[in-house]
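Visitor: Chains A and B supply the protein sequences, listed in that same order. Counting from 5, one number per residue, gives the positions in the first sequence under this note's numbering. Counting from 389, one number per residue, gives the positions in the second sequence under this note's numbering.
In short, the hints are calculated from the structure, not lab data. Quick caveat, the model's predicted, so the values are computed rather than measured. Be careful, since some hints might not be right.
SDA-like, lysine to any residue: derived pairs with alpha carbons at most 20 Å apart [stated by the list, open to error]:
hint, chain 1, residue 1, chain 2, residue 2
1, B, 479, A, 65
2, A, 60, A, 116
3, B, 479, A, 154
4, B, 479, A, 87
5, A, 64, B, 444
6, A, 154, A, 80
7, B, 479, B, 467
8, A, 154, B, 414
9, A, 87, B, 454
10, B, 404, B, 486
11, A, 154, B, 454
12, A, 52, B, 473
13, A, 60, B, 473
14, A, 154, B, 412
15, A, 64, B, 477
16, B, 479, A, 167
17, A, 154, B, 411
18, B, 446, B, 462
19, A, 171, B, 446
20, A, 64, A, 178
Ranges between beta-carbon positions, derived for each pair [to be verified]:
hint, chain 1, residue 1, chain 2, residue 2, range
21, A, 61, B, 461, 23 to 33 Å
22, B, 412, A, 171, 14 to 24 Å
23, B, 445, A, 49, 21 to 31 Å
24, A, 171, B, 417, 23 to 33 Å
25, A, 150, B, 433, 16 to 26 Å
26, A, 84, B, 402, 39 to 49 Å
27, A, 32, B, 427, 43 to 53 Å
If we take Cβ atoms under 8 Å as the criterion, some of the chain B residues that face chain A in the derived model are [said to hold, decoys possible]:
hint, residue
28, 412
29, 435
30, 436
31, 475
The beta carbon of each residue, even a glycine, is placed where N, CA and C say it ideally should be.
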Amino acid sequence: MLPIAVTLALTVALQAQTPAPAAAPDLSDPEVAHVAWTANSIDIDMAKFAQTRAHKAAVKQFAQTMITDHTAVNEQAAALAKKLGVTPADNAVSQSLQNDAKQARASLEPLHGAAFERAYIDREVAYHQAVLDAIDKVLVPTTENAELRKLLTDVRPAIATHLEHAKQLRSQLGAPSRTSK
Amino acid sequence: MIVWLLLLAGLGSTPKSHTVEIRGMEFHPAVLTVAVGDTIVWINRDIVPHTATGMRRKWDSGQLQQGDSGRYVPSRVGRVPYTCTLHPTMKGMLIVRKE
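Use the sequences and the hints to build the structure in full.
Guide: Shown next, in the form of structure tokens:
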């Protein structure tokens, strides 16, 4: 249920910006920068929370990689924004992502041990898939500045690798829970 | 004398250096054939840090930030699989020959 909720929230947020289904939402570059920063920050916060709850070394290592990588990406994004004189601008997509993250955190809050690890990794699979879709269908097509667009395309393989890593962990953690896709 | 030096060089034991670029979350080239005693240098071109690490961590470059490099000199013949400990889905292979 959680991964579906994540995907739906992002999809709805993105579609709400979209006048026609085939068109990408019209985000300005400062808004794209804010969405990217928000998406990274959400995953860092979730990983920090996971490190306090997860027991398995592989899950803790995954969470550490999320912190390390998404921090590195945000540092690059901040440096680029400074260079370009762009001030990231809050927007409906960022707010939707943050609302979704609050809900995800609330869903994970009561869980511990194996149940937590499973739900966290399920969320990471869905989240990274949704972010990949957003990069491909929304962020890259709508970004005007070539350097910002290049940063997004440079980051894409890392997100795809995180997705594969999360899927690999999910298969190691055992059978899917009944509430996950 | 010159002939003697050429003969020594011709024995083919001069170690070489090979470069593996890490970019786009992949090792380039992913499979590399080297000789015992050669030096393999990994350079990280990605935004995120990586490692080049042998199985059971017999050797480990440590975390390479963007622009950093790490090296390894294989001492035995054989196939040497390696990975990035931060991103275990990344795989590389050294094929180490006698010379």
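Visitor: For each hint, tell me whether it holds in the structure or not.
Guide: Right, here's what the structure says about each hint:
| no. | hint | result |
| --- | --- | --- |
| 1 | B:479 - A:65 | holds (17 Å) |
| 2 | A:60 - A:116 | holds (12 Å) |
| 3 | B:479 - A:154 | violated (25 Å) |
| 4 | B:479 - A:87 | violated (35 Å) |
| 5 | A:64 - B:444 | holds (19 Å) |
| 6 | A:154 - A:80 | holds (12 Å) |
| 7 | B:479 - B:467 | holds (13 Å) |
| 8 | A:154 - B:414 | holds (18 Å) |
| 9 | A:87 - B:454 | holds (19 Å) |
| 10 | B:404 - B:486 | holds (13 Å) |
| 11 | A:154 - B:454 | holds (16 Å) |
| 12 | A:52 - B:473 | holds (19 Å) |
| 13 | A:60 - B:473 | holds (16 Å) |
| 14 | A:154 - B:412 | holds (12 Å) |
| 15 | A:64 - B:477 | holds (16 Å) |
| 16 | B:479 - A:167 | holds (16 Å) |
| 17 | A:154 - B:411 | holds (14 Å) |
| 18 | B:446 - B:462 | holds (11 Å) |
| 19 | A:171 - B:446 | violated (27 Å) |
| 20 | A:64 - A:178 | holds (17 Å) |
| 21 | A:61 - B:461: 23 to 33 Å | holds (30 Å) |
| 22 | B:412 - A:171: 14 to 24 Å | holds (19 Å) |
| 23 | B:445 - A:49: 21 to 31 Å | holds (30 Å) |
| 24 | A:171 - B:417: 23 to 33 Å | holds (26 Å) |
| 25 | A:150 - B:433: 16 to 26 Å | holds (19 Å) |
| 26 | A:84 - B:402: 39 to 49 Å | holds (44 Å) |
| 27 | A:32 - B:427: 43 to 53 Å | holds (49 Å) |
| 28 | 412 | holds (4 Å) |
| 29 | 435 | holds (5 Å) |
| 30 | 436 | holds (4 Å) |
| 31 | 475 | holds (5 Å) |
The structure does not agree with the numbered hints 3, 4 and 19 stated previously, though it agrees with the rest.
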